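There are 2 protein chains.
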Amino acid sequence: MAKEPSNSRDRILRAGENLFRKQGYSATGLKELSSVAAAPWGSIYHFFPGGKEELGVEVLDYASDLYGAAINNAFQRCASAEAAVDAIFRAEVKMLEDSDYRNGCPAAAVTVDAGSTSEPLRTACASTFARWLDCYVQGFREAGAPGAEARALASFVLSALEGAILLSRASKSPAPVREAGKYVRRVVASQAAGWPARRAARA
Amino acid sequence: MAKEPSNSRDRILRAGENLFRKQGYSATGLKELSSVAAAPWGSIYHFFPGGKEELGVEVLDYASDLYGAAINNAFQRCASAEAAVDAIFRAEVKMLEDSDYRNGCPAAAVTVDAGSTSEPLRTACASTFARWLDCYVQGFREAGAPGAEARALASFVLSALEGAILLSRASKSPAPVREAGKYVRRVVASQAAGWPARRAARA
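Residue numbers (this note's numbering), protein chains in the order written: chain A, 27 to 229; chain B, 27 to 229.
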């Protein structure tokens, strides 16, 4: 995906994002993280003086940019809202297959592990999901969706994707993300058929 | 939900299910578990000689029965497949509201924490989701759905529910589960309209 980051702080964030996706927040120790990031142990507390919780918040912020850009990109390069959503589900299938179903969603992982016990981490998860929802909302709005409908549809699409990732990881099968993607695509296409102004074809 | 179980083993399983839902698998220690279960510390290794991993597998089995029965119950008492699905999403909203958005799904929690690092736990998560899917499939079949469609629809419905629970927990808002529930109900109703034999009205 992104190039190998050259500075320690970015390497730590990237390693945290990777480890949270695979094994959750609680199981990820700072020693393992500094080793995966190839960053000196002391640099973790240098960059994140608040320790693991602060690091967790920053990792979510990093993930929110990373996947937010991927969602925007799908809407920008696809000719319709349903094609964009379809592309996002297909990319997720590829990511799961390429990682032998190990790479899930870092925001899901932190929500499940720490959303009920750490208010800063819960708030960071909420902001991350909200950011991704905003990306979908913008895509649907540009495709002509009225505001309230764009928001409700965004929430439905992200929910279906997040849940399907869980089911695919557990069963080590692409079927849940593929199946959810088909229904979601159909819902988006049927809603989009009623939108007053469809986005003009891109040059 | 269920009555307070009288024997230590059941109390341990119930406490495990509760703790996994709130804080995930990794963050749940066996000491905390024995204290919440009001079970002697030694009884955990007595009942689960394989330790935490074995206990985790048994907790998932317990949860698979518990929520499987709830899904079956919704299909049995509702007049249509879409009403059953609607009832399940509404019950989830209530469960989230009643727990201040702390109680998520134990199988989601274990998938995220341990699905990529423990094969026995991943397999147990897969079995739990498969059991719940079977309950939906049976409900849709009894409402007249053809087999393959019942299975794909079940996977879509469970994915949307699981993901919406994550988004609701993070945002401490019922909106994601409510919104996903509306779209899912609409999809189920529209599919059901094409099913050859709708289930006869119950006496």
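Check the hints yourself; a few may be wrong.
Copies of one chain are not kept apart here, so a pair can be met inside one copy or by any two copies together.
[Claimed, not checked] Cross-link-like lysine-lysine pairs, in silico, DSSO-like; alpha carbons within 30 Å at most:
id	residue 1	residue 2
1	57	208
2	198	208
3	48	78
4	57	78
5	48	198
6	208	78
No wet-lab data here; the hints were simulated from the structure. Just so you know, these numbers come straight off a predicted model, no measurement behind them.
Hint-by-hint comparison with the structure:
1. Taking identical chains as interchangeable, the C-alpha atoms of residue 57 and residue 208 are never at most 30 Å apart, the minima being 42 Å within one chain and 45 Å between chains.
2. Proximity of residue 198 and residue 208 under a CA criterion of 30 Å is satisfied in both settings, with 19 Å inside one chain copy and 29 Å between copies.
3. Taking the closest pair of Cα atoms, residue 48 and residue 78 come within 30 Å of each other both inside a single copy (17 Å) and across two copies (19 Å).
4. Within a single copy, residue 57 and residue 78 get their C-alpha atoms as close as 11 Å, and across copies as close as 23 Å, so both meet the 30 Å cut-off.
5. For the identical chains of this complex, residue 48 and residue 198 are neighbours both inside a copy (13 Å) and across copies (25 Å), given an alpha-carbon limit of 30 Å.
6. With identical chains, the CA atoms of residue 208 and residue 78 are never at most 30 Å apart, being 39 Å at best within one copy and 38 Å at best between copies.
The earlier numbered hints that this structure contradicts are 1, 6.
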